[in-house]
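Protein sequences, first through last, are from chains X and C.
Everything in the first sequence is counted per this note's numbering, starting at 16 for the first residue and increasing by one.
Everything in the second sequence is counted per this note's numbering, starting at 82 for the first residue and increasing by one.
Quick caveat, the hints were computed from the structure, so don't treat them as lab data.
Note that the Cβ used here is the ideal one computed from N, Cα and C, for glycine as well.
Be careful, since some hints might not be right.
What follows is a list of derived Cβ distance ranges for each label pair [stated by the list, open to error]:
id	chain 1	residue 1	chain 2	residue 2	range
1	C	614	X	40	42 to 52 Å
2	X	91	C	278	28 to 38 Å
3	C	641	X	49	45 to 55 Å
4	C	382	X	90	30 to 40 Å
5	X	46	C	570	41 to 51 Å
6	C	282	X	40	29 to 39 Å
7	C	568	X	51	46 to 56 Å
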Amino acid sequence: MRSTLDIRLNNCEGALERILCRLRQRGYALCDMNVRRSADFSAFVVEVTIESDRPMDQAVKQLTKLFDVQSVKLHVQHKEVLPGNGYAQREKESELRVCASV
Amino acid sequence: MTSDPQQRQKESWPGTPMKGAQVLIEALEREGVDCIFGYPGGAIMPVYDALVDANLRHILFRHEQGAALAADGYARVTGKVGVCLATSGPGATNLVTGLANSFMDSVPVVAITGQVATSHMGTDAFQEVDIFGISMPVVKHSYIIRDAASIPTIIHEAFEIANSGRPGPVLIDLPKDVANAVVENVRFFEIAKAAPEQPQSDQLAIARDLIAKSRRPLVYAGGGTRIARASREVREFVETTGIPIVTTLQGLGCISGKHPLFLGMLGMHGTKNANMAVQESDLLICVGARFDDRVTGKLAEFAPHAKIIHMDIDPAEIGKLRRVQCAIQGDIKTALANLAVPTDIDEWVAQCKANKETYAWRYDNPTEKVYAPKFIKELSDRAAANTIITCDVGQHQMWVAQHYQFDSPNNHLTSGGLGTMGFGLPAAIGAHFANPQSQVINMSGDGSFMINVQELATIKRYSLPVKVVIFDNQALGMVRQWQELFHEERYSEVSLHDNPNFVRLAEAFDIPGMEVRQASEIDGAIERLLNEKGPLLVHVHIDPKDNVWPLVPPGKSNSQMMEAKPNAKYA
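With these hints in hand, go ahead and build the complete structure from the sequences.
As structure tokens, then:
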């Protein structure tokens with residue numbers, strides 16, 4: 016599944032890096048990202064499209080936990096899966112390898 | 082400064098100018114820090130200079146990993162934030178395993194690292210490393226302090242983050258020029274602690290209804306019960322409702338190991354009766370646990386008939402791996418106190434108790450060799466109730482979990498999530514400083530012990546009465562067991578036949594040692610272990626072929642437990 020999230024986060028050192036790190040580590044592949052600063056420069060406003068077999072509400076919960084994140088909104092859920100964005104496929108292959116090794 | 086929390090909203094002390102490092106130390110003292118664990122170096126020198134005049138105590142370790150794991154052990158025992166300190170570069174990277182350990186087991190730690198001066202950051206300066214970036218996946222939050230005036234705010238915020246909600250480690254990177262900068266009007270902030278989030282009443286009503294209607298309910302308690310200090314509420318809930326309980330590795334001790342409704346640890350090396358109860362239950366009341374793979378085995382076949390009530394302070398854990406029928410997010414103490422309803426489960430309880438008796442542990446070792454579970458059970462029976470056991474990782478860790486009967490989760494310090502070999506010795510030192518009145522025993526293996534063996538020097542330096550028991554099977558035992566069972570006995574790099582003489586090694590640090598080779602020597606060894614005034618190392622030789630049973634093979638359901646072969650000597 017591919018989804019777009021609207022994220023607002025403090026304009027702090029490492030804040031953007033932190034949300035990208037969390038999404039990658041929790042299994043959400045990045046498809047698209049737009050970032051701008053709020054009018055008063057106090058926050059980043061991020062629109063990020065991610066893809067994964069994993070539930071999108073988990074991505075929202077994982078981002079919401081971050082101290083610098085002010086809000087996360089599941090903006091759009093896309094039905095089609097982008098070809099060539101291989102996280103889900105890699106995960107399936109990895110599962111197969113684990114099964115084979117057991 | 083007033084001790085009344087209502088009066089401690091915000092206070093400021095415009096006074097004499099202070100260096101950033103002095104502000105840091107004072108901010109730590111204002112957070113109630115009484116000791117910190119660390120190792121000095123170039124970039125952190127201003128802080129070590131300020132420590133000379135500090136009221137808090139610094140404990141010098143021999144490796145930064147030891148300092149980080151000691152802070153972790155200190156925090157687990159006290160419930161307070163553990164603090165560790167290291168310099169930049171290799172000092173900082175050596176902390177990372179400790180931070181990951183605290184992150185995985187939700188332990189509140191603040192790690193402070195020195196950094197090269199801000200003008201040198203990003204230039205590949207001597208001992209420069211981007212610890213802020215390196216540590217990002219294994220911290221709850223992190224900071225680089227750019228302005229000395231912000232130190233009080235950052236320290237206070239870091240402590241709040243580390244120990245609120247689901248606890249975790251926070252890293253603070255302090256460049257040397259900021260540590261040396263002079264702050265004219267220092268302002269310290271003290272804000273009353275926020276109360277934990279309370280569960281929603283509609284979810285509590287749903288849970289009460291599920292419990293009342295269930296005929297085979299079971300409590301599945303995890304490390305969240307330790308973090309929430311909820312042992313009393315767990316016991317009262319279990320005793321009021323009569324519902325049997327199983328715990329995870331981190332949940333051990335949240336109810337006494339001797340309690341009649343306690344069925345043991347569940348999961349990969351859980352008791353057979355605990356796993357059977359889970360698989361047959363129709364309602365699983367998950368209290369501060371997270372459906373970890375070592376607990377569930379094949380997730381799709383875990384507790385296949387059970388509806389789930391999931392209580393956790395962290396909303397991201399609820400429904401992460403298993404769909405739930407009732408989600409209770411918030412303080413588990415409040416939740417448990419509101420869930421006691423009458424139950425009609427006599428038949429189920431009788432079945433659980435019968436299985437507990439049928440599958441009780443056996444200690445009738447027919448040989449003269451030392452059987453580690455028997456040693457651990459005897460120690461458990463004879464040690465004081467407040468004895469703190471720290472473990473390393475591997476077979477001995479699982480034997481302790483299976484055979485030591487804990488009365489408090491704060492007495493069992495074990496690296497569950499990360500599985501950090503080398504955790505036990507530094508954690509034992511941290512535990513001693515957290516609670517000097519309790520006896521602290523590190524139960525280790527010959528593999529794990531060597532990972533942080535340098536901390537024997539810390540025990541010597543501070544004359545700590547910490548005891549060490551090494552179960553020596555001359556191998557990386559758990560890996561050897563898996564190679565035996567799942568890799569056709571193709572043993573690869575698991576032999577430790579050339580271990581040092583551990584007793585002589587201890588003596589090099591002025592720590593007395595003794596060897597135990599025969600079952601008949603167990604009694605005397607435990608007697609000395611419990612009565613020795615100072616430190617003691619007990620080197621216990623065990624049979625290299627002993628395995629941990631039962632075992633759920635990887636990828637299998639918890640219904641498919643492997644047990645010792647019928648012809649094995651400890652069947």
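Check your understanding: residue 91 of chain X and residue 278 of chain C, beta-carbon distance inside 28 to 38 Å?
Key -> holds (30 Å)
Point to revise | Whether the CB-CB distance between residue 382 of chain C and residue 90 of chain X falls inside 30 to 40 Å | key: holds (36 Å)
Review point. For the pair residue 614 of chain C and residue 40 of chain X, does the Cβ-Cβ distance stay inside 42 to 52 Å?
Key: holds (48 Å)
**Study point:** Assessment of proposed distance window 46 to 56 Å (beta carbons of residue 568 of chain C, residue 51 of chain X)
**Key:** holds (54 Å)
Check your understanding: Has the hinted range 41 to 51 Å been met by the Cβ atoms of residue 46 of chain X and residue 570 of chain C?
Key -> Given a distance of about 47 Å, which is inside 41 to 51 Å, the answer is holds.
Practice item. State, for the Cβ atoms of residue 641 of chain C and residue 49 of chain X, whether the hinted interval 45 to 55 Å holds or is violated. Key: holds (49 Å)
Point to revise | Supplied distance hint 29 to 39 Å, evaluated on CB atoms of residue 282 of chain C and residue 40 of chain X | key: holds (35 Å)
In summary, the structure agrees with every hint in the numbered list given earlier.
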